[in-house]
Amino acid sequence: MKFYDAVVIGGGVLGCFTARNLRRWNISVLLIEAAEDVCTGITRSNTAIVYSGCDNKPNSLKAHMTVRANAEFEALCQELEVPFKRCGSLMVSCGPKGNAVLQKKLEKGRLNGVPGLRILSAAEALELEPALTKGIHSALYAPSTGTVNPWQFGIAAFENAIYNDCAVSLHNRVLAIQKYTGGYVVETEQGSVRCRVLCNCAGLQAAQVQEMLFPPSVRIVPDAGDYLVLDKSVVGPKHIIFHESEESGKGLTAVPTVEGSLLLGPTKRPCTEEYAAVERNELESLQKLTQEILPDVDLKLQIRSFAAVRPNPQHVIEKNGQYLPDGRSINSFVIEEPAPGFYSLIGIKTPGLTCADQLGAYLARKAADYLQADKNMRFVSKRMAIKQARQLEYKARAALVAQAPDYGEIICHCEDVTRAEVLAAIDRGAVDINGVKRRVGAGLGRCQGGRCRLAVEALLKEAGHEGL
Amino acid sequence: MKDCELLIIGAGVAGLTAARTAAESGCHQVVLVDSKAKPGGVLLQCAHQGFGQGLTGPQYIEQLLRDFPKQVELQCATTALSISKDKVTVLSGAKTGLQRLRFQELIFAAGCREIPAGALQLAGTRPEGVYTAGQVQEMMNLQYRVPEGPAVILGSGDLGLIMAGQLSASGCKVNALVEQREKCGGLPRNQLYLERYALPLLCNSTVSRVYGERKLEGVVVHNRQSGKEYHIPCRTLLIAAGYTPERTLIQGLGAPEWLQLCGNCKAVHSMIEGVIQEGKTAGTKAWRNIRSGVC
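Quick mapping for you: the protein sequence lines, in order, are chains S and B. Each residue of the first sequence is one higher than the last, beginning at 1 in the working numbering. Each residue of the second sequence is one higher than the last, beginning at 1 in the working numbering.
Wrong hints could be hidden among the right ones.
Unchecked claim - The list that follows gives simulated cross-link-like pairs (lysine to any residue, SDA-like), each with its CA atoms no further than 20 angstroms apart: (1) K38(B) / A455(S); (2) K461(S) / G252(B); (3) K36(B) / L459(S); (4) K232(S) / G252(B).
Worth flagging that the hints you see were computed from the coordinates, not collected in a lab.
Chain S on its own, in the form it takes in the complex:
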């Protein structure tokens, strides 16, 4: 039976950053992911926001982590060669209730040390962001809010973990966990491995994974949310817009993404199925809200709608030998340590993406303490992204094409993605069109793969991936 110092269960953004951070120490690591590729679960449908930290309870771990993560985000994204846009956010109110919320967030934010927070009058907000409706009352401006592509961010950490000798087992489900003297045995579909430290980053399944060995403490009751994506030709807001509605739970979030598209949503509703399914009335309410808050945004530029299932952790109560969620959503990050060397991130919700590296580093420090591990002096923090022709000026691009002709062949016309980039995505682990899309953006644009999908499929097939 193989042995690793640490096993990470789950290859979402949290698992990828945990694995990467564990490798900063002399800790051998295996990352196990049930799907064929990483970042295919909750990471895939995230609102893509790097929060400022004005929403979190002062002095909480969440507040500390968020503010710190936000401040370090440029450096992290430079290291991982992932695009990050510090576009700032405007939380807008349209009435007295909203104004009060803004004031409260301003105070919280100041206590948390969020830089540059200001309440703007309607006129000031409109000057800064002309896309907003004239009907707003006031706005809370947070210049440090930003946006990152969640999958690119997670995949970058994954690639860097592998570069630093993290072992990976994909398409492999964990079936059971046993204790043994000094550690754990993880039984998977592909056999068993032993480890001393177990990091449970299994996303929606995190509670089940912990319950393989321990009594229930927290259960995940998923929420669902719906999103709309508008083509990058949209004339929309330059800032992230949070609309603080007078009616609770009916706000709008609009994110001008790093790709240039506009992401609208999520709505919030109970999740009725195990997987995400879009509800039409939710899309309609999103569209209506967008018309109210961002009246000039052309909704005809819609290119995609999708739904997301999001974790929502609740404590469990025991009743007649049965464990049931208590119905109250836990607001803080749930980081559990049910036994030495066993760490669980259960139902990490907003701002989990923002804090992914912080949470990963937190678990890694705990593991390093427990294992009494030294720093890994050979750790290389730099990750090289796939070179993108579209990022280059004419001369550099011409030189690249002359040197590597595959960079001359355009596969995805909407996003200007070349054959060389698609091949690199496959080389780095994409096994289907979605994996290629997540790595290099082919199929992400206005025709949604209408023109490039078959070409990408053909390249996948050549590489031995039959697809679904």
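Start from chain S and add chain B according to the hints.
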């Protein structure tokens, strides 16, 4: 930087016709670029006999290319990345590399793109098995693959009908054509497929929901008049919901004198004759502009 008199983007029927017309009128240097490996545009994937005197798409293109004027420099597998206001384009190709080309006149004939499923108000999951009708046409006629049946087709315009016929002929059962209008939207000759294969056409209806977690399992069809909903099992859903003229490259250029549009990027055509006419007009006008500029 290279120069040419006339640049034509898109070597489909419109671009080919414009190139021939301009060259035969006297234009010396025509550069015709197309991102695909061969000229012909969308007709290359049209196996039905719907062009000219009962020709298939590839046959029609073959005819169009016969005795093609030598003044036309055809660059296939070459994509125009940008067009600037000072009349320079950047072209990219694996063989031709990255090149800048200055032109006097531009004919834009980039065709159209299909409206993707994502632009529709489709409720439900996002499983594998949802294609645009054109993708399935390309899959069947250029890659020689038949999608998994049964299929449902959203939209009974010409492409929806043609694909319904082709799928049926290839052994892929078509469980329904769903049409939001009161009656079928295609040409009478294409409506014949409905009878020939006894295909159910559901009018006043739309696909309101798709289901299946990873792989498509079926759709819900909503009838607007009766308010009733029907579950129809299928493994493939074809979206034949229409087209958008492809003008991304010329966005922001305005309407300068040196730019002509022809073919499906100008307006979507259902008959080839209209495309030919526009190609001829654009080619003639471009040459006239070049000549008057020189004089």
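Outcome of the hint check:
{"no.": "1", "hint": "K38(B) / A455(S)", "in the structure": "15 angstroms, holds"}
{"no.": "2", "hint": "K461(S) / G252(B)", "in the structure": "38 angstroms, violated"}
{"no.": "3", "hint": "K36(B) / L459(S)", "in the structure": "16 angstroms, holds"}
{"no.": "4", "hint": "K232(S) / G252(B)", "in the structure": "14 angstroms, holds"}
In the structure shown, a violation is registered for the earlier hint numbered 2 alone.
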